[in-house]
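J.: Below are the chains, spelled out letter by letter.
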Amino acid sequence: MINFLSWVLLLSGCFCVLISAIGLIRMPDLFTRMHAAGVGDTLGAILVIAGLMLQAGPTLLLAKLVLIMFFLLFTGPTACHALAKAALAGGEKPLLDDNNQ
Amino acid sequence: MMFFVTVIALFPAMFLALGRAIVGPTLYDRVLAVNSFGTFTVLMIAVLGFMTDQTDFVDIALTYALINFIGTIAVLKFFVVGDFGYEEQRDQ
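Keeping their order, the protein sequence lines are chains A and B.
Position 38, counted from 1, in the first sequence is what my numbering calls 38; the numbers after and before it change by one each time, with no gaps.
Position 87, counted from 1, in the second sequence is what my numbering calls 87; the numbers after and before it change by one each time, with no gaps.
It is worth saying that the hints were derived from the structure and are not from the lab.
Note that the Cβ used here is the ideal one computed from N, Cα and C, for glycine as well.
Please note: incorrect hints may appear among the correct ones.
To be verified - Listed next, the in silico DMTMM-like pairs over lysine to aspartate or glutamate satisfying Cα-Cα at most 20 Å (straight line): (1) A:Lys64 to B:Asp53; (2) A:Lys93 to A:Asp29; (3) B:Lys77 to A:Asp97; (4) A:Lys64 to B:Asp59; (5) A:Lys85 to A:Asp29; (6) A:Lys93 to B:Asp56.
Claimed, not checked - Over 10 Å on every C-beta distance to chain B, these chain A residues come out as not near it, computed from the model: (7) Met1; (8) Ala56; (9) Leu96; (10) Asp97; (11) Asp98.
Generate coordinates for the entire structure from the input sequences, incorporating the hints supplied.
T.: Given below as structure tokens:
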């Protein structure tokens with residue numbers, strides 16, 4: 001049962017990571033790419049590390065995995081926020097729709 | 001076995017992130033791609049650690065996550081400020 005749950009979590013985590021990477025490539029503008037990267041950073045990381053947590057069992061390893069997960073959750077959005085601020089300060093304009101240019 | 005599948009799935013994601021880092025028109029795209037690549041590396045190290053039953057890899061993954069974040073913030077600060085803010089040299 002535990003292995004089955006780990007399988008499900010790891011596969012969905014891989015799915016989110018792949019979606020994030022594909023979104024990183026296909027999105028037209030920097031700020032939409034940041035949205036795509038955010039998907040992989042947060043949801044992908046949660047699912048993959050949760051799948052590992054089930055495998056780790058109640059050991060110190062589990063504590064380290066929890067630390068990694070929380071750290072990734074806190075720093076992913078923060079880095080994206082800093083990047084958006086730097087991009088806007090650097091004169092990067094978001095891509096608006098064409099008819100109200 | 002499931003870890004092997006995860007590693008196989010993580011590889012194309014890392015290549016795509018590298019592709020964006022290479023293609024990325026603006027330098028902020030590159031910073032974003034490198035940050036995303038770093039997070040995928042963290043996941044890859046953790047999964048490889050579990051695949052080969054070496055539990056020390058999780059420490060490496062945690063360290064890598066810390067360094068990746070600090071690196072991204074440092075590069076962004078460098079882009080915004082221009083240099084690392086040695087105020088007294090600039091005023092002379």
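J.: A separate judgement is required for each hint: does it hold in the structure or not?
T.: Verification of the hints:
no., hint, verdict
1, A:Lys64 to B:Asp53, "15 Å, holds"
2, A:Lys93 to A:Asp29, "9 Å, holds"
3, B:Lys77 to A:Asp97, "30 Å, violated"
4, A:Lys64 to B:Asp59, "7 Å, holds"
5, A:Lys85 to A:Asp29, "15 Å, holds"
6, A:Lys93 to B:Asp56, "44 Å, violated"
7, Met1, "14 Å, holds"
8, Ala56, "8 Å, violated"
9, Leu96, "17 Å, holds"
10, Asp97, "20 Å, holds"
11, Asp98, "19 Å, holds"
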